[in-house]
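*Asks:* Sequence:
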Amino acid sequence: MTTIITTPAQENYVEAIYTLSLKGPVRSSALAETLGVKRASVSKFITGLVASGLVTHLPRKEITLTTRGVALAHSIARRKRCLTRLLVDICNMAPADADGEIHRLEHVLSDEVLHRLETLVEFGSSSSGWLKRLHLRMAADPPHTAEHMAVGSSLMHQGERQQSE
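Counted the way this note's numbering counts, the sequence shown spans residues 65 to 229.
Read the hints as simulated data drawn from the structure, not as lab findings.
The beta carbon of each residue, even a glycine, is placed where N, CA and C say it ideally should be.
Mixed in with the good hints, there may be bad ones.
Claimed, not checked - Label pairs and their computed distance ranges (CB to CB): (1) S189 / S105: 39 to 45 Å; (2) A158 / S192: 44 to 50 Å; (3) V177 / A115: 25 to 31 Å.
My request is simple: use the sequences and hints to build the entire structure.
*Replies:* Structural data, given as structure tokens:
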């Protein structure tokens, strides 16, 4: 399957449609209520999702995800699961604090970065000693600032500087 290029707003709609569809047929009114928008806004947006091949919808009928829409919904759920585990389980953030970060990050992760984060999460989850040390370190250290994490200070960047000198 080809990559589906979407906007964060499209992903939010697809995610909401998918979640609502697990409970039954999805109507514009329920979608508007879930997203906190007006029904007229939903109608306009659904037209674009139909044109993108993500949903099917006939006036006064239910909104249904296409195969592409379901694939996108599963991709969003996968990103959200990984980020939740990373921020809550590995980084020890409170779920309420992590929610906003997860929502922002889920829209920008590439498949390659997602795969690497999933590997990190699996490693961290399976290594209780490593995870305990990480949590102790995070509790002891203040949040990192620009002074702590200066651009170009990673080992990779240091190697690049040495090669260019």
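*Asks:* Determine for every hint whether it applies to the structure shown.
*Replies:* Hint check:
A beta carbon spacing of about 40 Å between S189 and S105 agrees with the range 39 to 45 Å that was offered as a hint. Evaluation of the 44 to 50 Å hint for A158 and S192 yields a failure: the beta carbon distance comes to about 21 Å. Range check, V177 to A115: about 29 Å between beta-carbon atoms, so the 25 to 31 Å window is met.
The structure fails to meet hint 2 from the earlier list, while all remaining hints are met.
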